[in-house]
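Full structure from sequences and hints, please.
First to last, the protein sequences are chains A and B. The numbering used here numbers the first residue of the first sequence as 158 and each following residue consecutively. The numbering used here numbers the first residue of the second sequence as 17 and each following residue consecutively.
Simulated from the structure, these hints should not be mistaken for lab results. The beta-carbon is built from N, C-alpha and C at its ideal position, and this holds for glycine as well. Certain hints may be false.
As the list claims (entries may be wrong) - Derived, one-sided and incomplete: chain A residues facing chain B with beta-carbon distance under 7 Å: (1) M287; (2) A322; (3) D323.
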Amino acid sequence: MTMATADREVVIKVRGLVNRLGGNLIHDDIDLDVYRGEVLGVVGGSGSGKSVLLRTIVGLNRPRAGTVEVFGEDPVPHRERPENSVQMRWGVLFQEGALFSSQTVAENIQVPLREYTNMSQALMNEIAAMKLSMVGLPADAARKFPSELSGGMKKRAGLARALAADPEIVFLDEPTAGLDPISASQFDALLRDLQKSLNLTVFMVTHDLDTLRATADRIAVLVNRKIKIGTIDEIRRDPDPWIQEYFSGTRGRAALDS
Amino acid sequence: MADARAWFRLERKGRLLRFVAGGVWVVSEAARLDRELSGLASGGSPEVEIDGSGIERLDSAGAWLLVRTKRALEQGGARVTSLSLPDRYAPLIASIEQEHVAQPVVIAKRHGFVPVLERVGRGTVGAGRQGYRMLGYLGRFMIEWFEALVQPRGNLRFAALLHQVEEVGINALPIVGLLQFLIGIVIAYQAANQLRRFNAEVLTIDGVAFGVLRELGVLITAIIVAGRSGSAFTAEIGTMRVNEEIDALETIGINTFDVLVLPRVLGLLIALPLLTFYSDVMAMIGGAVMCYFDLGITVPAFMRHLQHAISINTFLVGLIKAPVFAVVIGLVGCFEGLQVERNAASVGKLTTRSVVESVFLVIVLDAGFSILFSILNI
Numbered sequence: 158m159t160m161a162t163a164d165r166e167v168v169i170k171v172r173g174l175v176n177r178l179g180g181n182l183i184h185d186d187i188d189l190d191v192y193r194g195e196v197l198g199v200v201g202g203s204g205s206g207k208s209v210l211l212r213t214i215v216g217l218n219r220p221r222a223g224t225v226e227v228f229g230e231d232p233v234p235h236r237e238r239p240e241n242s243v244q245m246r247w248g249v250l251f252q253e254g255a256l257f258s259s260q261t262v263a264e265n266i267q268v269p270l271r272e273y274t275n276m277s278q279a280l281m282n283e284i285a286a287m288k289l290s291m292v293g294l295p296a297d298a299a300r301k302f303p304s305e306l307s308g309g310m311k312k313r314a315g316l317a318r319a320l321a322a323d324p325e326i327v328f329l330d331e332p333t334a335g336l337d338p339i340s341a342s343q344f345d346a347l348l349r350d351l352q353k354s355l356n357l358t359v360f361m362v363t364h365d366l367d368t369l370r371a372t373a374d375r376i377a378v379l380v381n382r383k384i385k386i387g388t389i390d391e392i393r394r395d396p397d398p399w400i401q402e403y404f405s406g407t408r409g410r411a412a413l414d415s
Numbered sequence: 017m018a019d020a021r022a023w024f025r026l027e028r029k030g031r032l033l034r035f036v037a038g039g040v041w042v043v044s045e046a047a048r049l050d051r052e053l054s055g056l057a058s059g060g061s062p063e064v065e066i067d068g069s070g071i072e073r074l075d076s077a078g079a080w081l082l083v084r085t086k087r088a089l090e091q092g093g094a095r096v097t098s099l100s101l102p103d104r105y106a107p108l109i110a111s112i113e114q115e116h117v118a119q120p121v122v123i124a125k126r127h128g129f130v131p132v133l134e135r136v137g138r139g140t141v142g143a144g145r146q147g148y149r150m151l152g153y154l155g156r157f158m159i160e161w162f163e164a165l166v167q168p169r170g171n172l173r174f175a176a177l178l179h180q181v182e183e184v185g186i187n188a189l190p191i192v193g194l195l196q197f198l199i200g201i202v203i204a205y206q207a208a209n210q211l212r213r214f215n216a217e218v219l220t221i222d223g224v225a226f227g228v229l230r231e232l233g234v235l236i237t238a239i240i241v242a243g244r245s246g247s248a249f250t251a252e253i254g255t256m257r258v259n260e261e262i263d264a265l266e267t268i269g270i271n272t273f274d275v276l277v278l279p280r281v282l283g284l285l286i287a288l289p290l291l292t293f294y295s296d297v298m299a300m301i302g303g304a305v306m307c308y309f310d311l312g313i314t315v316p317a318f319m320r321h322l323q324h325a326i327s328i329n330t331f332l333v334g335l336i337k338a339p340v341f342a343v344v345i346g347l348v349g350c351f352e353g354l355q356v357e358r359n360a361a362s363v364g365k366l367t368t369r370s371v372v373e374s375v376f377l378v379i380v381l382d383a384g385f386s387i388l389f390s391i392l393n394i
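Now the structure itself:
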């Protein structure tokens with residue numbers, strides 16, 4: 158990423174964010190910019206508020222203080238013109254896929270299309286098939302119900318749903334957690350391909366150092382209720398003990414120096 | 017951006033057909049493009065050139081429409097000589113062209129005759145399997161139960177048992193008491209209205225006593241407990257199943273029957289007869305209150321008449337059903353809980369099923385008891 162950050166379009170803008178959960182201060186005055194077309198990896202220890210940050214940006218959690226803007230807007234649905242909502246311009250992949258259990262995979266993928274466009278059923282079926290093959294699922298998965306899928310397949314199906322309406326931003330919550338290393342690295346490659354061909358902006362919460370190295374352009378570390386952002390090399394030079402432990406522990410070195 | 021449009025036009029140059037596309041080929045335009053593109057044909061031109069260099073924005077839905085159009089033209093016998101696009105979209109169109117040859121997904125119909133037939137078949141087979149499993153479960157319960165009685169090996173957990181008695185019995189007192197009191201009032205009111213025509217108002221007391229003590233006391237209590245506790249058993253055990261807690265118990269070597277099923281069924285077995293007695297008392301109080309206000313029968317007069325009207329058997333006939341209902345509710349609740357699969361949706365589904373099944377069985381058994389008692393002349 159050689160482009161100067163100054164002249165790149167900011168798609169997610171967080172300013173002065175404060176979050177409290179159950180009396181605990183989770184985020185203390187956090188600023189964050191995410192640029193169009195980049196993959197931002199968000200890391201941090203358990204309970205450091207990675208998922209809370211994601212949930213705050215997509216509007217599931219109201220912050221105590223501070224502002225969140227996505228495409229320069231407050232991320233709440235438009236009442237009069239829902240087709241202009243930011244919800245149509247992002248896709249979210251939750252940890253367990255969060256597929257609607259009463260619907261088949263194909264119907265799940267078509268939910269955003271049905272909600273925001275008036276496509277014919279035939280076209281939606283074609284698009285569902287296309288998204289399935291994009292995320293590497295076999296065509297016969299379309300008819301299955303979420304309860305019939307393995308964990309990895311659920312994640313892929315969830316990603317297909319997140320990508321259904323061709324969003325500009327994709328939020329991923331621990332996309333490779335619980336996947337075997339082969340599936341995880343396939344997921345990394347898939348994410349990279351999709352990101353390039355669709356010019357996606359990706360906001361990814363993850364623990365997986367391999368995924369970070371393979372996909373992330375920049376890394377945001379949540380540590381001590383603050384956030385530190387930089388490329389992976391910049392972050393590794395940070396003297397913070399948690400960051401040193403994270404990146405220079407045996408696992409970190411094995412993943413990053415290979 | 018939302019106002020930008022996608023467009024395409026056809027240019028014919030002799031043998032060559034040029035398909036020129038421009039604008040924003042994105043998902044929000046896809047529905048319109050889809051309609052306009054359907055029925056597009058090469059019109060006999062053997063060669064087609066697709067020129068998408070005027071496209072300002074392209075996403076995967078738009079790219080799919082382009083690829084689909086190209087394929088349709090090729091199927092119509094034309095040869096597509098070139099497909100040009102701005103360079104930045106080359107990877108997208110390439111990946112869609114290479115990989116996505118998939119047939120469109122067909123969504124299975126959920127209505128119509130054949131799906132109904134399928135569901136009926138599945139339902140029948142499912143019901144058969146369910147009955148078979150339940151029988152096996154009942155057998156296992158009998159064996160465990162027998163073992164627990166014959167050679168107690170400390171497998172009865174008293175703390176868990178007491179907890180269940182509290183949860184099922186004591187915590188149900190307010191709702192059961194209130195409802196039974198109201199039932200007493202309702203029956204007394206209806207009976208008094210009918211019997212007044214025959215100048216036999218005093219028989220209202222008999223009506224309330226027989227109705228409540230033989231049938232309604234135990235039946236209503238059992239139905240409330242099925243809704244309150246049977247469902248709770250299923251939900252609790254089912255949630256444990258989802259969290260793999262039951263698997264954890266088994267790998268530690270703890271008998272899940274001992275810790276999950278026995279305390280619940282035994283707790284219910286202790287609590288439901290007690291609750292039934294309490295229900296009977298509350299309903300009689302309701303009846304007495306109604307008799308006093310509606311018919312002017314004082315409480316002492318009510319009591320005196322009651323003593324003549326009924327024998328202890330009337331009360332026992334009702335009470336004897338309570339332990340049977342308790343076992344049915346407890347077993348169904350625990351059984352359905354253990355049937356839960358490892359997903360949250362199945363907890364809800366089976367909880368509903370557990371309540372429906374136990375209420376159904378309670379009423380069927382109650383009818384069975386009525387027949388039995390009438391044969392025995394009790």
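Tested hints:
About 5 Å separates the beta-carbon of M287/A from the nearest beta-carbon of chain B, less than 7 Å, and the hint is met. Look at A322/A: its Cβ gets to within about 5 Å of chain B, closer than 7 Å, so that hint holds up. Residue-level restraint check for D323/A holds (minimum Cβ-Cβ distance to chain B is 4 Å; threshold 7 Å).
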